[in-house]
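Peer 1: With the sequences and hints as input, model every part of the structure.
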Amino acid sequence: VPLTPQGKAYDSYGDVSPDGRRLAFARTENRSTGIFVGAVQGGEPRRLTEAPSTLPRWSPDGRWIAFSPSRGFTGGIWLIQAGGSGLRRLTATGSFPVWSRDGRSVGYIDLGPDGVQHTLSVSLAGGQPHPLGSLRFEGFNNPFDISPDGKQLASSGVIHLSSEIWLLEPQGAKTP
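End of the sequence shown sits at 180 in our numbering; the numbers just go up one at a time, nothing left out.
Just so you know, the hints here were simulated from the structure itself, not pulled from any lab data.
Please note that the accuracy of each hint is not assured.
Stated by the list, open to error - Here are the in silico distance ranges between beta carbons for each label pair: (1) Leu91 with Ser151: 26 to 36 Å; (2) Asp65 with Gln45: 19 to 29 Å; (3) Arg92 with Glu48: 23 to 33 Å; (4) Pro135 with Arg93: 16 to 26 Å; (5) Asp106 with Pro135: 11 to 21 Å; (6) Leu91 with Glu33: 18 to 28 Å; (7) Gly24 with Asp118: 35 to 45 Å; (8) Arg35 with Asp153: 37 to 47 Å; (9) Gly76 with Glu54: 13 to 23 Å; (10) Gly154 with Ala129: 32 to 42 Å; (11) Ser151 with Arg35: 11 to 21 Å; (12) Gly47 with Gly116: 41 to 51 Å; (13) Pro22 with Gly131: 22 to 32 Å; (14) Pro135 with Arg105: 15 to 25 Å.
Note that the Cβ used here is the ideal one computed from N, Cα and C, for glycine as well.
Peer 2: Quick look at the structure:
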């Protein structure tokens, strides 16, 4: 069942709220992409961001949405309250946000000084980002997700002949 109407807009990167009642997604129309929130049951969604934004991810408590201005790594990770207020920048660089299971930090992908993608985590309280283990990815745009128990990380990458999905069980790595 389509949750967003067909039309001139391009809707992508949907993320269902923890209570299952709302959908956050990126909508591109007139060459501008923003974060929208709408009811899963239908109705007109509401735009939350005016500046370029994509890749929305709900916080575990449903109060915040983390996003990036683009799928590149120069825009950083931003937060906005689900009601549309409280916009703030969490990191200067990085993309593809992933919330920790306790909602106190956000993991994300960034390019290291060697030009290789790395997974990092930053606390909502501030401070310096720290690496999520010693994971290194080949290629670009390898979004990841962390299991609810924090013991596994799933990501894609090109290792053999095509894109593959890997389930990693990092040993001794800090989870976000």
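Peer 1: Which of the numbered hints are not met once you compare them with the structure shown?
Peer 2: Hint check: 10, 11 fail, others pass.
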